[in-house]
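J.: Using the hints provided, position chain B relative to the given structure of chain A.
Note that the protein sequences, when read in sequence, are chains A and B. For the first sequence, position 57 matches number 57 in the working numbering, and the numbering has no gaps at all. For the second sequence, position 214 matches number 214 in the working numbering, and the numbering has no gaps at all.
Honestly, I wouldn't trust all of these hints.
[As the list claims (entries may be wrong)] Keeping only pairs whose Cα atoms sit at most 25 Å apart, straight-line, the calculated SDA-like set for lysine to any residue is:
#, chain 1, residue 1, chain 2, residue 2
1, B, K132, A, F11
2, A, K25, B, M140
3, A, K7, B, A121
4, A, K132, B, K265
5, A, K7, B, S130
6, B, K265, A, L232
7, B, K321, B, E214
8, B, K257, A, K132
9, A, K14, B, Q133
10, A, K132, A, I184
11, A, K229, B, L232
Hint data in this document are derived by calculation from the structure and do not stem from the laboratory. Treat the numbers as computed from the prediction; the structure is a model and nothing was measured.
Protein chains: 2
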Amino acid sequence: LKGLVLKVGKFLQKAYDVGANDPRKAVHGLKVGMALTVVSLFYYMRPLYEGVGGNAMWAIMTVVVVFENTVGATISKSLNRVFGTCLAALLAFSVHWVACKAGEKFEPWIVGASVFLLASATTFSRFIPSVKQLFDYGAMIFILTFSLVAFSGYRVDELFELAHQRLATIIIGTSLCILVSMLIWPIWAGQELFALINGNMDKLANSLEGYVAEYFNPDDSNKNLLAYKCILNSKASEESMANFARWEPAHGCFSFKHPWKQYPKIGAAMRSCAYCIEALGSCIDSENQAPEFIKKHLSTACLRVSSTSSSVIRELAEIIKSMKRSSNVDFFIEEMNIAVEELQEALKSLSKLPNPPESKNTETAASVAIETVPLVEVMPAVTFASLMIEISARIKGIV
Amino acid sequence: LKGLVLKVGKFLQKAYDVGANDPRKAVHGLKVGMALTVVSLFYYMRPLYEGVGGNAMWAIMTVVVVFENTVGATISKSLNRVFGTCLAALLAFSVHWVACKAGEKFEPWIVGASVFLLASATTFSRFIPSVKQLFDYGAMIFILTFSLVAFSGYRVDELFELAHQRLATIIIGTSLCILVSMLIWPIWAGQELFALINGNMDKLANSLEGYVAEYFNPDDSNKNLLAYKCILNSKASEESMANFARWEPAHGCFSFKHPWKQYPKIGAAMRSCAYCIEALGSCIDSENQAPEFIKKHLSTACLRVSSTSSSVIRELAEIIKSMKRSSNVDFFIEEMNIAVEELQEALKSLSKLPNPPESKNTETAASVAIETVPLVEVMPAVTFASLMIEISARIKGIV
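Same shape as in the complex, but just chain A:
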């Protein structure tokens, strides 16, 4: 029993942490509760109840199923649900009409075969990437509605009446969801994506600076070092948010046709930088450490490279934030290039240094390797920077 109490306590603690980290999640819970309670009003108010009939449950179901965390996801699911239902109902009607004409004997066969074929084809189509991205939920609703209407059509005579009522309840449910999610403390997928990308850029810059500083001055322990790790795995969330953001109307400083598709590209460029930082990190933990005199020789140049490249990243973040092309980037990139050249000079002059008395040749070689990794690191940063410039130019063109 005590173990159970402990487990429950731990679970509540975790739940509290989730809520404390992001209070909007708790607010989302309240919003769903509110929307459900409002829908219940349709049920309790007699005239409306007569209007939508026993189908009021479809409104409740719609709210429960469609309400998502972000506005974009809610809108996308709502549209999918409405259009999936309409299309399926229309198709089911025509199949039903054909089946009626064909006579009672063939009716079950025609209906059964059409359901089998359409369900198989639609289920298969959900595996096609472009369909999955946009209409995954709609395809499911299509199968559901089609089979419900086709089979109930066999029994129920007032098919049109029924379909009309169901569509009405679904539209009531979806519009309520969209309204609540947009008007009460809205969470825009676009804004989230924007914040995620900007935050990741900051983390990237911090980690890059932090690692290089850590390498040359191991005493300054920096807590931001591992921040880049979350960039490695953010691909899925970036893509789904970019997907949802496309459904959202204009909000804040984003117009309707904001180039959301560019964000995952920026994310991919950042990920390739993060991989390099990962490799950098393994150099720091490496057992083959460079002798002090080499470290000293290279530290100035390396620190300059890291600080200039992280200022390029920060400037790019600034550009994305303000959505205006700034000429500062070119300046920072120029500075970064100079720093890279300096580092190369430093490496060149390295071989002219007097050998240390203990002639630690292996370590020298290894250390050079370790120092040079920032150079390797810089190359994707440059690619990244040029990519970003292009993107910022595009953003400027569209905004």
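T.: Below, chain B alone, put in the same frame as chain A:
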């Protein structure tokens, strides 16, 4: 119009490619169609129709919603649906009973408040990682059933009868889904995961060998070079499959208590290797190429390191395949360690080489850096290997 035809043609081509790449996806579509058509039998056969009433639509709905690609996902969704429905119905009954006792005036308030509170709390709980992992769908069904029963309870008198019927249809639907997905050409999440991990190990070994070979002999173009890229992004699918595999009964050579949780760990270790290979790749594309004589000096040692470490990876894949600890790994690891030492020796002797006539010192330094990256690469490989040995030991302990 011509553009439309072209688009449709392209879409069909894509659909065909998806089906040709993995025919099981097409089979899955047929399975869903079959399950739906079987469910329709319940509808057409009079006695059963009387038995489950107008609620037969719940059976159809269950099939459409619950049927997933893998057996594990289907079972997990089915159990979630059944238990979510049961729990919600029980709770809704008790709320309803309390509301009835409290008198007609308070009834709507009590029902409304309970729905609001439970819906908010449950929606919030879906954000907690442990709940999301196991009961995401169950929580949604819980909210849905609870609000449906609580609100319809206000109207419908024969609540128990209704609940009993609905539960029966849901159980019919879920068991049909589980049976079809398990008996007809089943796709086990466990087997998929197993194949994914094994395939990724092979890809890792091939890429590692391929890159090192490419570096020293750029003429042998190898198509397997970029195979490791898909390891970088396989985290999400590994985790969800490991999750579903836990629900699956014993199948093939996997017992019920197979340590599925270890697989994502192996995956994570492989990803850290893949990051290093990524860094290795950027060295190959680098503009600072080493002079030939240095390449030659290091090539034997580097090739040995890469071939021994990829044979360690292959041996580990073999161990996972046979699920038996083999003493060969220790032998291969020993060989890899020897190879690493040889490489270090080669680096040591590098500084004693006569300088090339053109005194390309920068390039020398850069090249040393580039050669040494395999050394950096080997360290996670060793970590990885030791982790894998532990895992294989655990697998041996459990199988």
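J.: Decide, hint by hint, whether the structure agrees.
T.: Outcome of the hint check:
Between the alpha carbons of K132 of chain B and F11 of chain A the distance comes to roughly 13 Å, so the proposed pair stays at or under 25 Å and holds. A C-alpha spacing of about 16 Å is found between K25 of chain A and M140 of chain B, which places the hinted pair at or below 25 Å, so the restraint holds. Under the criterion of a C-alpha separation no larger than 25 Å, the hint pairing K7 of chain A with A121 of chain B is consistent with the structure, at around 18 Å. Of the pairs offered as hints, the one joining K132 of chain A and K265 of chain B is violated, with about 28 Å between alpha carbons and a cut-off of 25 Å exceeded.
About 12 Å separates the Cα atoms of K7 of chain A and S130 of chain B, which keeps this hinted pair within 25 Å; it holds. For the hint linking K265 of chain B to L232 of chain A, the alpha-carbon distance of about 16 Å falls within 25 Å, and the restraint holds. Note on K321 of chain B and E214 of chain B: the hinted pairing is violated, with a Cα-Cα distance of about 29 Å set against a maximum of 25 Å. Between the alpha carbons of K257 of chain B and K132 of chain A the distance comes to roughly 33 Å, so the proposed pair goes past 25 Å and is violated.
Straight-line distance between C-alpha atoms of K14 of chain A and Q133 of chain B comes to about 14 Å, which keeps the hinted pair within the 25 Å bound. Between the alpha carbons of K132 of chain A and I184 of chain A the distance comes to roughly 29 Å, so the proposed pair goes past 25 Å and is violated. Using a Cα cut-off of 25 Å, the hinted pair K229 of chain A and L232 of chain B holds, with the two alpha carbons roughly 13 Å apart.
Hint compliance for this structure: hints 4, 7, 8 and 10 are broken, all remaining hints hold.
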